[in-house]
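Start counting the sequence shown at 1; every next residue gets the next number (UniProt numbering).
Keep in mind that a hint or two might mislead.
Claimed, not checked - The list that follows gives simulated cross-link-like pairs (lysine-lysine, DSSO-like), each with its CA atoms no further than 27 Å apart:
1) Lys54 with Lys25
2) Lys54 with Lys72
3) Lys72 with Lys25
What the hints assert, rightly or not - Label pairs and their calculated CB-CB ranges:
4) Asp42 with Leu11: 37 to 47 Å
5) Ser29 with Ile95: 18 to 28 Å
6) Gln82 with Lys25: 20 to 30 Å
If you're looking for bench data, these hints aren't it; they were derived computationally from the structure.
Please read all numbers here as calculations on a predicted model, not as lab measurements.
The beta carbon of each residue, even a glycine, is placed where N, CA and C say it ideally should be.
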Amino acid sequence: MTVTERPNTRLPDQDLLQDCLDTLKHLSSCYRHAATECDSQDLREVFWNILHDKLELQAATFQFMNQRGWYKPARAPQEAVQQIYRHFHPQYEAILSFYQ
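Taking the hints into account, I'd like the entire structure generated from these sequences.
Dropping the structure here:
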């Protein structure tokens, strides 16, 4: 069967949006990496601005999917959240005190 012989097939909206969400997550990671590795302040700002735009699109896509029940991330157990907080909070405080 050739492409022209196929019946009109289309990705369901949920699958299409899931692909968009995954792509936006990947792009955000790439732009963040580019911005942190860049030695030109002007170029770094360009990457940060693009990253900000991608993060806004990702948030809007997530919100749209979440409202329809198409993307429901699992809730982290409170104990796991507290454990991570206890682990990273001292490092956060050390970084803050370094810059003050």
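What hints, given by number in increasing order, does this structure fail? As far as the earlier hints go, not one is violated by this structure.
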